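K.L.:
Residues 1 to 102 in the UniProt record's numbering are what the sequence shown lists, from first letter to last.
Take these hints with a grain of salt, some might be off.
[Said to hold, decoys possible] Below, simulated SDA-like cross-link-like pairs (lysine to any residue); rule was C-alpha separation at most 20 Å, straight line:
hint, residue 1, residue 2
1, Lys19, Asn48
2, Lys61, Phe81
3, Lys32, Ser9
4, Lys61, Cys26
5, Lys97, Glu80
6, Lys51, Val66
7, Lys32, Leu8
8, Lys97, Arg60
9, Lys70, Thr49
10, Lys52, Asn2
11, Lys79, Val66
12, Lys97, Met56
13, Lys70, Asn2
14, Lys29, Ala17
15, Lys19, His75
16, Lys6, Ser43
17, Lys32, Asp89
18, Lys29, Cys57
19, Lys6, Val66
20, Lys79, Ser9
21, Lys32, Asn48
22, Lys70, Leu8
23, Lys16, Leu102
24, Lys16, Leu92
25, Lys16, Lys97
26, Lys6, Glu71
27, Lys51, Phe67
28, Lys61, Gly34
For the record, the hints were derived by calculation from the structure and aren't laboratory data. If you're wondering where the values come from, they're calculated on a predicted model, not measured in any experiment.
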Amino acid sequence: MNQNHKVLSLIGLSMKAGKVESGGFCTEKAVKSGSARLVIISSEASENTRKKFADMCEYRKIPWYVFGEKEELGHAMGKEFRATLAITDENLAAAVKAQLGL
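The whole structure should be built from the sequences, with the hints applied where relevant.
P.N.:
Here is the structure:
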């Protein structure tokens, strides 16, 4: 199993556990409320979206990572396209970070 597949599997697991907020509005809410433990931004997200979330996460000391395509991220969660998502569980976020080499 390659690293990308493991990350997507962990995102799916996080989703089943109810520990993912996805889509711009919900991801932003998770970051601002302090519940986000890791933010993933799609490599296909617009420059504006990428900068907005990167700045938001840097300010709040929340790790963020550019990973995957919108369709991959959405599919991992059983949804349509997703440009951003936040994992809200510390252990699941740590597992994803380990796979990403963070």
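K.L.:
Hints first: check each against the structure and report whether it holds.
P.N.:
Verification of the hints:
Between Lys19 and Asn48 the alpha-carbon distance is near 26 Å, which puts this suggested pair outside the 20 Å criterion. Our distance criterion of 20 Å between C-alpha atoms is broken by Lys61 and Phe81, whose separation comes to about 26 Å. Proximity of Lys32 to Ser9 is assessed by CA-CA distance (about 26 Å); at most 20 Å being required, the pair is judged violated. For the given pair, Lys61 sits about 18 Å from Cys26 by alpha-carbon distance, which is consistent with the 20 Å threshold.
Between Lys97 and Glu80, the direct Cα distance comes to roughly 24 Å. Violation of the 20 Å bound is thereby established for this hinted pair. Proximity of Lys51 to Val66 is assessed by CA-CA distance (about 11 Å); at most 20 Å being required, the pair is judged to hold. This hinted pair does not check out: Lys32 and Leu8 have alpha carbons roughly 24 Å apart, beyond 20 Å. Restraint check for Lys97 and Arg60: the C-alpha separation of about 17 Å stays at or below 20 Å, so the hint holds.
The suggested pairing of Lys70 with Thr49 holds, with an alpha-carbon distance near 13 Å, which does not exceed 20 Å. The suggested pairing of Lys52 with Asn2 is violated, with an alpha-carbon distance near 30 Å, which exceeds 20 Å. With a CA separation close to 19 Å, the supplied pair Lys79 and Val66 stays within the 20 Å bound. A hinted pair counts as satisfied when its Cα atoms are at most 20 Å apart, and Lys97 with Met56 qualifies at roughly 19 Å.
For the proposed pair Lys70 and Asn2, the alpha carbon gap of about 19 Å is at most 20 Å, so the pair holds. Taken as a hint, the Lys29 and Ala17 pair is honoured in the structure, with Cα atoms around 19 Å apart against an allowance of 20 Å. For the proposed pair Lys19 and His75, the alpha carbon gap of about 16 Å is at most 20 Å, so the pair holds. Of the supplied pair hints, the one linking Lys6 and Ser43 holds, its CA atoms being roughly 17 Å apart against a limit of 20 Å.
The hinted pair formed by Lys32 and Asp89 meets the criterion: a straight-line CA distance of about 15 Å does not exceed 20 Å. Proximity of Lys29 to Cys57 is assessed by CA-CA distance (about 12 Å); at most 20 Å being required, the pair is judged to hold. Between Lys6 and Val66 the alpha-carbon distance is near 16 Å, which keeps this suggested pair within the 20 Å criterion. Pair hint Lys79 plus Ser9 holds up; C-alpha atoms about 14 Å apart against a cutoff of 20 Å.
Proposed proximity of Lys32 and Asn48 is supported: the alpha carbons are some 18 Å apart, at most 20 Å. Simply put, Lys70 and Leu8 have alpha-carbon atoms about 12 Å apart, close enough for the 20 Å limit, and the pair holds. Annotation: proposed proximity of Lys16 to Leu102 is violated, straight-line Cα distance about 23 Å (limit 20 Å). Between the alpha carbons of Lys16 and Leu92 the distance comes to roughly 12 Å, so the proposed pair stays at or under 20 Å and holds.
A hinted pair counts as satisfied when its Cα atoms are at most 20 Å apart, and Lys16 with Lys97 qualifies at roughly 18 Å. Taking the CA atoms of Lys6 and Glu71, the gap is near 16 Å; set against the 20 Å cutoff, the hint holds. As the CA atoms of Lys51 and Phe67 are separated by approximately 14 Å, the hinted pair is consistent with the 20 Å bound. Between the alpha carbons of Lys61 and Gly34 the distance comes to roughly 10 Å, so the proposed pair stays at or under 20 Å and holds.
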